Amino acid sequence: MAITDNLQKISDTVWELPPSYKEGMRVPARIIATEKLVREMDEAVYQQISNVATLPGIVRYALCMPDGHSGYGFPIGGVAAMDVREGGVISPGGIGFDINCGMRLITTNLTLEDVQPCLKEIVDRLFQRVPAGVGTHGFLKLTHDEFRDLVEQGARWCLERDMGWHEDLEFTEENGCIAGADASKISDRAVERGYNQVGTLGSGNHYLEVQVAQPEDVRDKELAEKFGITIPKQIVVMFHCGSRGFGHQVATDYLQNFLKVMEPTYGIKILDRELACAPFDSPEGSDYFAAMKCGLNMSFANRQVILHRIREVFSEIFGRSAEDLEMRVVYDVSHNTAKLERHVIDGEEKTLLVHRKGSTRAFGPGHDELPAHYRETGQPVIIGGSMETGSYLLVGTTSGSETFFSTAHGSGRTMSRTKARKLWHGKQLQRDLEARGIYVRSTSWAGLAEEAGGAYKDIDEVIAATELAGISKPVARFTPIGNVKG
Amino acid sequence: MSNSGAHGVTRPTMETGTPANAIPVERAVLCTPSDFIRHSCFVVFDMQPRTPITLVTGPLGSGKTTLLRHILATEPGRIAIVMNEFGEIAIDTKVIEGRNVRIAELGSGCVCCSLLGEFEAAVKEIINKISPDRIVVETTGLAEPEALVFNIQEALPQCRLDGVVSVIDADMLIRFPELGHTTRLQIEGADILLLNKIDLAEPEQIEPLEIKLCEINPTAAIVRTERCGIDAELLFGIGRERKIAPAEPGSPIPATTHRHHSEFQSFAFTSSEIFSRDCFEAFANDLPASVVRAKGFIRLADGAYLFNFVTGRWELEPFESDRTELVFIGKNIVSGKQAIIDALDGCIADTENKLS
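These protein sequences, in sequence, are chains A and B. 1 is the number of the first residue of the first sequence in our numbering; add one for each residue after it. 487 is the number of the first residue of the second sequence in our numbering; add one for each residue after it.
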């Protein structure tokens with residue numbers, strides 16, 4: 001988009017719309033990106049991020065990450081922290097519908113040479129065991145009541161059923177189970193949509209990828225080793241999925257509730273109804289917070305079951321146990337969340353509700369919420385690129401406080417799904433990728449075309465912008481060799 | 487979609503045998519639906535009429551479910567309604583679990599369906615099991631209609647996109663002056679915009695809302711409604727049963743329509759002549775913006791066709807008919823009626839050079 005006169009360049013990676021840009025803005029709106037990336041963003045991002053700046057209780061800035069593009073209410077890539085003691089609100093549009101869609105990265109002690117001969121077998125079997133596509137059912141048969149337990153217990157539920165190792169929890173945000181999830185706050189409809197989807201990828205931009213860390217792509221050898229990237233041409237597995245129809249229904253239910261009470265009960269006036277919200281400390285706000293946490297836990301459990309399936313598949317194919325293959329979780333990061341965190345604002349520590357929508361938490365070294373293993377290094381951050389271009393492992397930085405320790409989450413689309421479908425054809429794309437050494441399986445040719453590399457921003461540019469802005473630092477880059485596309 | 491300009495599509499004539507360049511039938515079945523368009527991969531159909539699909543979209547709480555109830559109550563055909571969840575419409579009914587779709591019978595011959603699998607597979611299953619007269623798809627309040635439109639046009643050759651209807655809540659438009667990203671896409675993608683809940687707005691507030699909608703989507707027809715009370719004649723083209731509403735030549739819109747929308751009028755045109763295709767296609771492209779719907783049968787030199795037009799977008803589809811019968815519905819179109827009839831008369835093929 002064209003850079004408007006109102007957008008002030010603060011630095012090479014910080015662009016600001018001042019509160020004078022729009023009536024009602026409580027704080028400035030800031031876009032964290034290089035000039036090239038700002039120019040690639042759609043114009044609605046300006047409108048959306050300045051609308052976010054009008055929400056009650058917002059602190060410092062309404063932020064948009066380098067991979068931002070317009071979404072429902074908030075841009076995808078939007079970050080907003082609300083002071084819960086100063087009437088701060090919670091907004092489903094600031095979290096996203098796919099609550100806690102996120103990334104998980106798993107290492108192995110296999111190399112490209114080990115995996116190459118059986119790559120197709122691995123991908124084909126993963127494709128069978130981790131169901132993908134719209135509305136698919138998982139292999140896990142749960143009753144509605146069991147599902148209600150699962151959304152309160154998160155990934156722990158899976159461990160109690162031997163689907164995982166204890167250390168998996170340690171390397172998952174919130175240890176795989178956020179406290180305060182209350183299944184009495186979710187509708188039967190939400191349960192109906194989710195109870196048979198645990199262990200499934202879903203559709204759209206969700207995927208599971210087998211990747212290789214080429215020696216020249218390891219940017220920080222010391223940190224890479226600490227994160228488990230230790231051998232040349234090491235194979236890793238990365239996947240992206242969320243809370244499926246369940247999270248979607250939770251968000252829909254509460255958006256409708258909020259629209260009813262927002263103005264009549266709480267006198268909150270907003271410009272765009274997609275930003276429907278309620279005070280965090282109101283009954284409606286706290287009910288949504290408790291229900292949204294169920295979405296978080298459903299997603300942690302979903303990724304835990306998928307991890308278990310991946311370990312089973314590798315173990316079967318290589319005839320060795322997952323422990324022997326050292327299939328460890330590097331970390332599990334969430335994209336679409338709102339969490340209570342303590343941040344220092346103008347020298348004073350405050351409890352803030354940090355909305356991150358299409359943004360990854362990136363705590364720097366020394367943060368007390370990090371597991372001991374990463375306390376000194378900072379939090380691993382996993383950013384997925386398109387299925388053609390590669391993905392990154394990064395680390396959080398101490399200088400990330402300006403963005404409430406938040407960074408990018410992916411490369412971000414540059415065009416609509418429909419446009420991508422018109423430009424590429426899934427079957428041809430699959431052949432082209434195979435010729436380049438990337439074996440892809442998908443349930444939908446059209447869906448595959450939507451995810452063509454050309455439909456996304458340049459991942460390297462996004463990563464460079466986060467590094468330049470000081471909000472995360474690259475550790476290693478991974479190249480895809482096999483992909484199950486959701 | 488409709489706002490991309492007034493260009494119609496003539497479907498390939500599928501009943502005229504296998505074209506010379508067609509690939510053998512046994513290979514044809516290997517083609518994915520999208521190959522059908524992209525690679526001219528001809529699939530041999532028996533002469534199954536295409537099933538019209540209407541998309542209903544609009545923000546959360548704008549009245550989509552109310553519109554579905556209204557359709558079920560007023561449209562006599564056998565309708566399949568596809569919803570994400572059918573809790574609100576079909577309660578305590580017999581539910582059939584299919585492969586891609588769950589189907590609840592509504593007693594009147596209509597069914598309510600919810601998706602279990604991919605949309606395209608579900609629609610095919612509905613057509614095979616139920617063979618409805620038309621399919622109405624309710625999208626979620628968060629859906630961007632463009633992608634579904636594309637799916638229907640590319641991947642469902644057995645269907646025809648009958649129209650995209652967006653339900654927009656007038657009261658919400660007043661209360662939230664800035665349109666959300668998704669709402670804007672839903673307005674942009676519509677053929678017909680229901681400006682609903684006008685009873686909650688002051689009369690003088692409504693025109694500015696129409697202007698606002700028109701700025702976003704200049705080609706869509708805007709219909710003011712209370713509780714989505716739109717006439718089915720305006721909402722739908724010709725269904726799979728291919729019945730055309732009885733309309734005497736020159737009559738105003740049928741009485742049922744009159745009740746809801748006094749500003750909408752209709753007239754019919756009938757003829758036993760043969761019309762020139764080029765001339766008729768130019769005529770369809772040039773129909774005035776006041777025409778919201780036009781539908782019926784047209785006889786061209788190479789046979790009769792079904793004609794379906796909605797706010798600038800139109801299609802011809804091969805069909806058996808020995809007469810040309812067309813109905814035009816629009817806002818105050820009686821004044822332009824003579825010009826339309828004259829233009830049609832001008833398209834009568836020269837009998838000396840008639841091909842047939």
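It should be emphasised that the hints constitute simulated quantities derived from the structure, not laboratory data. Hints should not be assumed to be uniformly reliable.
Unchecked claim - Facing chain B, a subset of chain A residues (Cβ under 7 Å, in silico): (1) K36; (2) R39; (3) E40; (4) A44; (5) V134; (6) L255; (7) N257; (8) L271; (9) D281; (10) T418.
Said to hold, decoys possible - Between beta-carbon pairs, the in silico distance windows are: (11) A829(B) - E23(A): 36 to 44 Å; (12) S617(B) - I3(A): 51 to 59 Å; (13) S401(A) - D685(B): 28 to 36 Å; (14) H137(A) - C765(B): 13 to 21 Å; (15) E696(B) - T265(A): 25 to 33 Å; (16) D828(B) - G267(A): 57 to 65 Å.
Just so it is clear, the structure is predicted and the values come from calculations on it, not from any experiment. Cβ coordinates follow ideal geometry from the N, Cα and C atoms, glycine included.
Results of checking the hints against the structure:
no.	hint	in the structure
1	K36	violated (23 Å)
2	R39	violated (19 Å)
3	E40	violated (17 Å)
4	A44	holds (5 Å)
5	V134	holds (5 Å)
6	L255	holds (6 Å)
7	N257	violated (11 Å)
8	L271	holds (4 Å)
9	D281	violated (24 Å)
10	T418	holds (5 Å)
11	A829(B) - E23(A): 36 to 44 Å	violated (51 Å)
12	S617(B) - I3(A): 51 to 59 Å	holds (55 Å)
13	S401(A) - D685(B): 28 to 36 Å	violated (52 Å)
14	H137(A) - C765(B): 13 to 21 Å	violated (54 Å)
15	E696(B) - T265(A): 25 to 33 Å	holds (31 Å)
16	D828(B) - G267(A): 57 to 65 Å	holds (60 Å)
This entry does not satisfy hints 1, 2, 3, 7, 9, 11, 13 and 14, going by the numbered hints stated previously.
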